[in-house]
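Trainee: For chain A, the structure is supplied; the task is to place chain B on it using the hints.
Number of protein chains: 2
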Amino acid sequence: MFESPLFWPAYLKKNVLYVLDETLVPEKLKYIPVKDARQAVAVIRSMKTRAFGQFLVVLNTFLLELNPKGDLLKHIKDVAGQLNNSRPTFPFAEVTGIITGVAQKASANGGDVRAAVLKTVQGFLAGIRARRLQRVQEIAEVIEDQDSILTHCNVSGELAMAAAAAQKQGKHVKFFATETRPYMQGARLTVWELQQARARVTLVADSAVGSLMADGLVNKVIIGSDRSAANGDIANKIGSYQIAVLAREFDLPLIVLTQPSTGVASGKDMPIEIRDENEILAFKGKKIFGPRRLGFYPGFDVVPHQLITKAIAIHAGL
Amino acid sequence: MFESPLFWPAYLKKNVLYVLDETLVPEKLKYIPVKDARQAVAVIRSMKTRAFGQFLVVLNTFLLELNPKGDLLKHIKDVAGQLNNSRPTFPFAEVTGIITGVAQKASANGGDVRAAVLKTVQGFLAGIRARRLQRVQEIAEVIEDQDSILTHCNVSGELAMAAAAAQKQGKHVKFFATETRPYMQGARLTVWELQQARARVTLVADSAVGSLMADGLVNKVIIGSDRSAANGDIANKIGSYQIAVLAREFDLPLIVLTQPSTGVASGKDMPIEIRDENEILAFKGKKIFGPRRLGFYPGFDVVPHQLITKAIAIHAGL
Numbered sequence: 237m238f239e240s241p242l243f244w245p246a247y248l249k250k251n252v253l254y255v256l257d258e259t260l261v262p263e264k265l266k267y268i269p270v271k272d273a274r275q276a277v278a279v280i281r282s283m284k285t286r287a288f289g290q291f292l293v294v295l296n297t298f299l300l301e302l303n304p305k306g307d308l309l310k311h312i313k314d315v316a317g318q319l320n321n322s323r324p325t326f327p328f329a330e331v332t333g334i335i336t337g338v339a340q341k342a343s344a345n346g347g348d349v350r351a352a353v354l355k356t357v358q359g360f361l362a363g364i365r366a367r368r369l370q371r372v373q374e375i376a377e378v379i380e381d382q383d384s385i386l387t388h389c390n391v392s393g394e395l396a397m398a399a400a401a402a403q404k405q406g407k408h409v410k411f412f413a414t415e416t417r418p419y420m421q422g423a424r425l426t427v428w429e430l431q432q433a434r435a436r437v438t439l440v441a442d443s444a445v446g447s448l449m450a451d452g453l454v455n456k457v458i459i460g461s462d463r464s465a466a467n468g469d470i471a472n473k474i475g476s477y478q479i480a481v482l483a484r485e486f487d488l489p490l491i492v493l494t495q496p497s498t499g500v501a502s503g504k505d506m507p508i509e510i511r512d513e514n515e516i517l518a519f520k521g522k523k524i525f526g527p528r529r530l531g532f533y534p535g536f537d538v539v540p541h542q543l544i545t546k547a548i549a550i551h552a553g554l
Numbered sequence: 237m238f239e240s241p242l243f244w245p246a247y248l249k250k251n252v253l254y255v256l257d258e259t260l261v262p263e264k265l266k267y268i269p270v271k272d273a274r275q276a277v278a279v280i281r282s283m284k285t286r287a288f289g290q291f292l293v294v295l296n297t298f299l300l301e302l303n304p305k306g307d308l309l310k311h312i313k314d315v316a317g318q319l320n321n322s323r324p325t326f327p328f329a330e331v332t333g334i335i336t337g338v339a340q341k342a343s344a345n346g347g348d349v350r351a352a353v354l355k356t357v358q359g360f361l362a363g364i365r366a367r368r369l370q371r372v373q374e375i376a377e378v379i380e381d382q383d384s385i386l387t388h389c390n391v392s393g394e395l396a397m398a399a400a401a402a403q404k405q406g407k408h409v410k411f412f413a414t415e416t417r418p419y420m421q422g423a424r425l426t427v428w429e430l431q432q433a434r435a436r437v438t439l440v441a442d443s444a445v446g447s448l449m450a451d452g453l454v455n456k457v458i459i460g461s462d463r464s465a466a467n468g469d470i471a472n473k474i475g476s477y478q479i480a481v482l483a484r485e486f487d488l489p490l491i492v493l494t495q496p497s498t499g500v501a502s503g504k505d506m507p508i509e510i511r512d513e514n515e516i517l518a519f520k521g522k523k524i525f526g527p528r529r530l531g532f533y534p535g536f537d538v539v540p541h542q543l544i545t546k547a548i549a550i551h552a553g554l
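The listed protein sequences correspond, in order, to chains A and B. When you read off a place in the first sequence, starting at 1, and then add 236, the result is the number in this note's numbering. When you read off a place in the second sequence, starting at 1, and then add 236, the result is the number in this note's numbering.
You may find that some hints are simply not true.
Just so you know, same-sequence chains aren't split out, so a pair can sit in one copy or run between any two.
In silico EDC-like links for lysine to aspartate or glutamate, alpha-carbon gap of 20 Å or less [as the list claims (entries may be wrong)]:
(1) Lys522 - Glu263
(2) Lys310 - Glu380
(3) Lys305 - Glu513
(4) Lys504 - Asp451
(5) Lys504 - Glu485
(6) Lys313 - Glu513
(7) Lys410 - Glu513
(8) Lys407 - Glu263
(9) Lys313 - Asp348
(10) Lys407 - Glu377
(11) Lys310 - Asp348
(12) Lys250 - Asp307
(13) Lys523 - Asp451
(14) Lys410 - Asp487
By construction, these hints were calculated from the structure, which means they are not laboratory data.
With the rest of the complex left out, here is chain A (with noise of 0.2 Å):
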């Protein structure tokens, strides 16, 4: 089966994590070897890894970590805040807390700390990796022969993967990604990823999609998000709200993969990040557009429930 880079982007082989470095892709494909925390810190703060990899770093290093000098549980302890501070405003102390609770509760029955840490991470990989998978099967069967299917920013390999799968299955799909402005991370990866697996694919800007539409170009939209409402609202890359108005004035299905829900009631209680107005007035860190300009770039949008015609979730708990 078809496996995009991006659906698995941290690998351990013989006590080395191999992190794939995501902002060389697709260009290069290169992994940095990661041997212990503090070059698992390294990696995650300097954003060569994002979202699920630096999900994935956070897990393995504990791996890399299980034959310290010293005591184990206190070193499994230092790895957790080492991991902890790496970027403080990410959550990764909820996963680094499940590893160091499994420690100590070992330690505390007098049991063996490192078959326990072992067997907790290995388990929740191999969980989460399941669940993913699952989930790619989900999106292919919601594929359907001769669908034309536009997509916004990037999935991070699952797309991919359900287009390699729903071929498989004898479907013939084609899809149209957008460039997604200003990082364009459709250009860059959706369509290097889709193209991975063999899955037709066309490059169109951002304010193309209701001119596609209108032309009965694509009959299905599949995007992904960054954040779940208890309503079922989301929080996706800017640009999704409008896809979604649009998709609805021509009775397209809009599907959305979505994240667990985080506790908040409704897309209005998600702050929606304001990002710096360079990234919209440079284009590869370069000013593009001259001096003197504003800039005005919200990094993402929210899309009420109301518009989703279905949400895939990942499957609950970690």
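Mentor: Positioned in the frame of chain A, the structure of chain B alone reads:
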């Protein structure tokens, strides 16, 4: 009164037509010398000049071609043919048809073909200039105090000049300009022009329109158009249609600066130019997304008249 270089981007001087290279604006104000129809077609095809500039080039080209070696009437018709074939979406034939008609008539009546063409073209140019200045005033009138106006692509001087006029009338106004990928006319031209007019303007990605409206940050939309149908449908830069749908979603007035209707019954009858995919796969002439990418770039889309709140036309009569 403030006059933008884009308001009148081609002028004739001593039998050379100087065409503003709009691809270099605003970094450079460079004028390309055009000496004959062949060079005029090249400057149109390469999109060095756009919309109204192309129209000025089409008209002025006849003035460059009034001294052929052979028969003038035959030559005028040949020039018209070359211009008509330069860009299929554009209704150059309607303009060139008038010129060839005048030449034909003068020839049939035994008149001076050269004088007839000269007088017609010069009359057109003077009339158009007067009517465009009049429209600037009309746009200034629909701009109200405290407006926050979204615009897309570039309307060649008139919006910036209207902004200057509105401000002179004591109105406080601000603008949001979309980038207008892939050619970035909004980011490059509109932002610069509005700044030249000392208007307050903020650049946003094309994908941010829905979010801006949902957050109540704009209350009015003003766009130009490249073509009008008899029923009031217009064709304009790709992205205009989805902005129109979003404006209706939020009950925002959509004001369109329209061209004289060009004979087609409705937007369905307007052929949409599909431009080279490389224009979306490259940025400033450099491939940005690696090889083997497919792109799709409809240059324009159609806004049905039902979505247009107010059309401000250039007054009739070429």
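Trainee: Find the hints from earlier in the document that the structure breaks and name them by number, from lowest to highest.
Mentor: Violated: hints 2, 3, 6, 8, 12 and 13.
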